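Chain by chain, the residues:
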Amino acid sequence: MRNTMFNVLHPAPAVFAPRVGMFVLPGRKPVHTPHYLSLTSRGAVPHLTQDVMRDYTSIDSLYIALEDFIEKAPDDVPPLYKMQAEAHESTLRKFTCLPEDILLVMGPRRVPPVFTPMPNTGTAISILTSVGFRKLEAEDYIEAVRKVRPDIVVGLADLVVGLQSGIKRREKMVDRTHAYTRDATKQLYGDVGEPESESSAVYFAPVLPLENTQQMLYLDDLGDELREHISGLAVYEASSLAIVPDKIGCLPRLTLSGPKTPHEILREISLGADLITIPFVGMASDGGIALDFIFAPPLEDGSSASKPLGIDMWSPIYAADLSPLVQGCECYTCTKHHRAYIQHLLSAKEMLAWTLLQIHNHHTIDCFFAAVRDSIEAGTFTEGFLAFEQTYQPSLPQQTGQGPRRRGYHAQASGPGEPKLNSSSYDQLDDAAEKYAEAQSFVPTPDVSAEELQISGFAVKDT
Amino acid sequence: MAAKMSVAARKQMPSALTFDLLAKCSQTLLTVQVTKARASTLHLPHGSVPLPIFMPVATQASLKGLTPEQLAQIGCKLCLNNTYHLGLKPGQAVLEQVGGAHRLQGWDKNILTDSGGFQMVSLLKLANVTEEGVRFLSPHDGTPMLLTPEHSISLQNSIGSDIIMQLDDVIVTTSPDRERMKQAMERSIRWLDRCIDAHKYPERQNLFCIIQGGLDLDLRRKCSVEMAARDTPGIAIGGLSGGEAKDEFCKVSVIPTSMVDTCTGLLPENKPRYIMGVGYPEDIVVSVALGADMFDCVWPTRTARFGNAITPSGTVNLRHATYADDFSPIVDGCTCICCRPIQQGGLGITRAYIYHLAAKETVGAHLLTMHNVHYLLSLMDSIRAAILEDRYPAFVRDFFNRLYGSASKIPIWVVNALNGVGIDLLAE
Ligand SMILES: [Zn+2]
Ligand SMILES: [Zn+2]
Numbered sequence: 001m002r003n004t005m006f007n008v009l010h011p012a013p014a015v016f017a018p019r020v021g022m023f024v025l026p027g028r029k030p031v032h033t034p035h036y037l038s039l040t041s042r043g044a045v046p047h048l049t050q051d052v053m054r055d056y057t058s059i060d061s062l063y064i065a066l067e068d069f070i071e072k073a074p075d076d077v078p079p080l081y082k083m084q085a086e087a088h089e090s091t092l093r094k095f096t097c098l099p100e101d102i103l104l105v106m107g108p109r110r111v112p113p114v115f116t117p118m119p120n121t122g123t124a125i126s127i128l129t130s131v132g133f134r135k136l137e138a139e140d141y142i143e144a145v146r147k148v149r150p151d152i153v154v155g156l157a158d159l160v161v162g163l164q165s166g167i168k169r170r171e172k173m174v175d176r177t178h179a180y181t182r183d184a185t186k187q188l189y190g191d192v193g194e195p196e197s198e199s200s201a202v203y204f205a206p207v208l209p210l211e212n213t214q215q216m217l218y219l220d221d222l223g224d225e226l227r228e229h230i231s232g233l234a235v236y237e238a239s240s241l242a243i244v245p246d247k248i249g250c251l252p253r254l255t256l257s258g259p260k261t262p263h264e265i266l267r268e269i270s271l272g273a274d275l276i277t278i279p280f281v282g283m284a285s286d287g288g289i290a291l292d293f294i295f296a297p298p299l300e301d302g303s304s305a306s307k308p309l310g311i312d313m314w315s316p317i318y319a320a321d322l323s324p325l326v327q328g329c330e331c332y333t334c335t336k337h338h339r340a341y342i343q344h345l346l347s348a349k350e351m352l353a354w355t356l357l358q359i360h361n362h363h364t365i366d367c368f369f370a371a372v373r374d375s376i377e378a379g380t381f382t383e384g385f386l387a388f389e390q391t392y393q394p395s396l397p398q399q400t401g402q403g404p405r406r407r408g409y410h411a412q413a414s415g416p417g418e419p420k421l422n423s424s425s426y427d428q429l430d431d432a433a434e435k436y437a438e439a440q441s442f443v444p445t446p447d448v449s450a451e452e453l454q455i456s457g458f459a460v461k462d463t
Numbered sequence: 464m465a466a467k468m469s470v471a472a473r474k475q476m477p478s479a480l481t482f483d484l485l486a487k488c489s490q491t492l493l494t495v496q497v498t499k500a501r502a503s504t505l506h507l508p509h510g511s512v513p514l515p516i517f518m519p520v521a522t523q524a525s526l527k528g529l530t531p532e533q534l535a536q537i538g539c540k541l542c543l544n545n546t547y548h549l550g551l552k553p554g555q556a557v558l559e560q561v562g563g564a565h566r567l568q569g570w571d572k573n574i575l576t577d578s579g580g581f582q583m584v585s586l587l588k589l590a591n592v593t594e595e596g597v598r599f600l601s602p603h604d605g606t607p608m609l610l611t612p613e614h615s616i617s618l619q620n621s622i623g624s625d626i627i628m629q630l631d632d633v634i635v636t637t638s639p640d641r642e643r644m645k646q647a648m649e650r651s652i653r654w655l656d657r658c659i660d661a662h663k664y665p666e667r668q669n670l671f672c673i674i675q676g677g678l679d680l681d682l683r684r685k686c687s688v689e690m691a692a693r694d695t696p697g698i699a700i701g702g703l704s705g706g707e708a709k710d711e712f713c714k715v716s717v718i719p720t721s722m723v724d725t726c727t728g729l730l731p732e733n734k735p736r737y738i739m740g741v742g743y744p745e746d747i748v749v750s751v752a753l754g755a756d757m758f759d760c761v762w763p764t765r766t767a768r769f770g771n772a773i774t775p776s777g778t779v780n781l782r783h784a785t786y787a788d789d790f791s792p793i794v795d796g797c798t799c800i801c802c803r804p805i806q807q808g809g810l811g812i813t814r815a816y817i818y819h820l821a822a823k824e825t826v827g828a829h830l831l832t833m834h835n836v837h838y839l840l841s842l843m844d845s846i847r848a849a850i851l852e853d854r855y856p857a858f859v860r861d862f863f864n865r866l867y868g869s870a871s872k873i874p875i876w877v878v879n880a881l882n883g884v885g886i887d888l889l890a891e
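Quick note, the sequences are listed as chains A and B, same order.
If you count the first sequence from 1, position 143 lands on 143 in the working numbering, and the numbers rise without skipping.
If you count the second sequence from 1, position 200 lands on 663 in the working numbering, and the numbers rise without skipping.
Same shape as in the complex, but just chain A (with noise of 0.2 Å):
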C-alpha cells in the first residue's frame, strides 16, 4: 500500500468538530482539507476540457465512478481495462488524458447514485452503466482496482439508494459491507505475497448510513484488524460523522452524500468532514445558475437569510449587462466575459454557456473552502456558520431554463417511491425537445447532408 499522509492540523484528531489537515499522496498535489473533490462523468468534468480544467479552473482531486466504464463488462471486456500502461502509471489516468498531480478517486457508482431496480446481492451491486442496469462482483470490482490503479478507492457497500430499510435488511447491509471490505483489504494488501504486488490504491471503507449501534461490530473491526489496510472512510450520509470510533477518528473522511446546499456543506464541515463531493455544483451550472455565495458573510445588522446563493442566468433582465456574474469575482469567466454573453448563450443554447458556468461554479467553491479552512484555523468557523444561515436563502434558486440533455446515468438519486427523473414519458419529451432543438440548429445552416438532418430527425429522406 502507497505511503499516504494525513495530518489533522487542527484541532485533535478525534474530537467532533471541524478541522483543518493535509492529505498528502506521493506524486499528487497535497490536498488542504476541508476540501471538495470534483464530480466526473465517463471520467471527464462536464463541459470542461483538460486544457480549460488545468487553464481557468484549480481543480486538483476528482471522483470517477467505475461504472461509467464497463459498459458490457464482463461478456465484453471494457477498453478501459484493455490499455496498457507502465507499472508506476494509473490506466485510469491514462485513458481519462488526465495530468499526473492531480487526485483520482474511484467508487464503483456515481455521486448521486441512480436507483436501480435489482436489489445487491451478497457478492455483488446493482450498477447503471450507459447500456442499462446490471451486476458489479465485488470480485471484479477488486480486479478493476488493481487494473486501473486509482488513487484512492472506495469501498464497496450495500447501500439501498431512495428506499427505507427494515430491520433485517439493515443487518445484511452491515454483514455484506464487513465482508466485502474484509475480502477487499485482504486480496488488495493482505496475502499478497511480494510486497510489489500490493495494489498502489489507498482503501477507504464505507460507513453505512446507520447508527451506531447497528453496525458497532463492522466499525470495531475497521478500527482493529483491518486498521492497518485502511486510509480513509466514505460516508454516505452526515451524521455517520458522528459515529465514527476514535481509533480511526484521524482517518481522512470522505463524503459521498450529496449535500444540496453550502449550508448542508458547512453541517458535514462542522462534525469533521474532510473531502466532500458536491453534486449541486454541475447541477447549477447545467441549470444556468452562476452560484453567489461566500463564505463567511459579514453580518448585517437585521440579516433575514434572505440572499439568494445563485443567480439564475436565464433572466432576460442580464441580456444587456456588461457586468461580471459575480462583482469582484477573479474566475476566468467573470475577468473575461460578462452576464449578457452568458445569458445570450444560454439563451441560443451553446455548450460554451455551461463551460464558462462551471469555470465560475468552480471557483466560488474553491473560494468558500478556503475562507472555511482559514475560519476553522482562526477558530472562527462556528460564528461564520451563523453568519451564513443568517444572510442566505436555505435553497438553490429554482432553475427557469433547460438545461444539456440527461441521459439515464445523469439521473438524481430517486426511489420508486418518488417519480423517477427521467419518467417515460419525461424521456419521451426530452428527446423530442431534443430533436426540435437540434433540427432548428440546423436550419439557418447551408450545407448540412440528408444524412445529418436525417439523423437530428429533422427530415427523413426521401428514397
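Quick caveat, the hints were computed from the structure, so don't treat them as lab data.
No experiment lies behind these values; they were computed from the predicted model shown.
Where hints are given, some of them may not hold.
[Claimed, not checked] 27 Å max Cα-Cα, derived DSSO-like pairs, lysine-lysine:
| hint | chain 1 | residue 1 | chain 2 | residue 2 |
| --- | --- | --- | --- | --- |
| 1 | B | LYS540 | A | LYS349 |
| 2 | A | LYS135 | B | LYS552 |
| 3 | B | LYS552 | A | LYS336 |
| 4 | B | LYS823 | A | LYS260 |
| 5 | A | LYS349 | B | LYS645 |
| 6 | B | LYS552 | B | LYS487 |
| 7 | B | LYS823 | A | LYS147 |
| 8 | A | LYS135 | A | LYS168 |
| 9 | B | LYS572 | B | LYS552 |
| 10 | A | LYS29 | A | LYS147 |
| 11 | A | LYS260 | A | LYS247 |
| 12 | A | LYS247 | A | LYS172 |
| 13 | A | LYS135 | A | LYS82 |
| 14 | B | LYS540 | A | LYS336 |
Please build the complex by placing chain B with the ligands on the supplied structure of chain A, with the hints as guidance.
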C-alpha cells in the same frame, strides 16, 4: 436600373483593409500554364490575417463550446458569425447596447458576417424574394417579415464585424431557369448599390460584394465586371454552397470550377476573393489553385458533433466500435493540442477516449472540434507555405494522393479542374 448608374455618381467607398499580395505560383520549366494560387496578407481592423484562409463558423457568437482563447490558440484570426442568428438572438437592440459582437463574445480578433439573406432563402421555405428584399415568415410566430439590403447592413453595422457582406438575391446555382438567374444577378448588383449607400461605417467595416450568375459563365462575367467597378474592399463569389447536396459520406464534391476560374480571371488582383460556404479540404485545395483566397464552412465543427475526425486520408467516425480500444491519437503526428502527447504540452487525447465520450459528454465534441478546426487551419498554413515557396503544384499532387490513396481514385472533377491550371494529377 441601378446597375447602369455611372461609377462617378456612386458613393465613394473607403476601405478598412489593406491587401498585400506576397507570392503567386510561377511558371516552371515543366508547365506551360501556372496555377492562379496566391499567398497574401490581409490587414483588417482586428489584426492581420494570412491568406489563403479558412474561417470557422461561430454561428451564434460561439464556436461549439470553445472559449475564444481556445479558438485563438488553435490559430484562428478571423471567424464567422451569422447575421440571421445574431439578429434573432440577442437581437439588434442588445448588440447596440453591448457594443457589437466582438464585445459580446470576448473576441478581439476579426469577425466576418454574412448578410442573413442566404439562410432565409435556403432554409425558410416560405421566403420569397422581391425587388424590395427577402420576404419571409418569422420562424417564431409566423409573422410576415421583410429583410431589405438596408436592414441587413444596419444589422451588420450593429454587429460591428470587420467584414460584412452585401445582401444578394440567392438562388440555387444549378437552377435551370436562366431568366430567373439573370434577374437574380442583376438584382444583386442593384442591391449592392443600396448596401453601399446604407453602410454607415465603411472606414471600420469592409463591405464585400457577392458575384452571382449561377453556372452561366456569361452572367458571371457580366456580374464580375459590374461589381468590380463598384470597388468594394473585397469580393465574394456566391451561390456555390446552397444548391449542391454534398454527400457527407461519399464526399461527392461539385465545385463549379470553370465558373470560379472565370470569375477569378476577371477580378482585380489587388483584392481578397472569398468563396462563400466552401468547403471541404479538397474543394479548398482546388479553389486556391483557381485563385481564391478565403473560405468558410460549418462542416469541420458540425461533423465533430457526430464523432467525425478529419484526417489527411479522409474522415474517420470515432463512434464506430473499432475505435473503442484504439489508444492512438486522433491523428498520428497531428500538432493540435488534443493529439500532441502530454510530454509535448498537449492533452494526449486518444481515439478510445473520444469514443468513450462521443454523444454522451460535451467534452468529447469540444475536443474533436478543436482537432478538426486545427486540421483545416494547419492545412491552410501548409497551402500558404507551399505557395510562398513556389511549390504549390507538388503540394496539390501530394495532398490528393494522400487523400485518395492513389491517383486513379481522384475524382474526375478535381483532375479536370487542376488540368486547367497546369497541374496534371495523373502524370507519373
Ligand atoms: Zn466568476
Ligand atoms: Zn489533432
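Which earlier hints can't be squared with this structure? 2, 5, 6, 11
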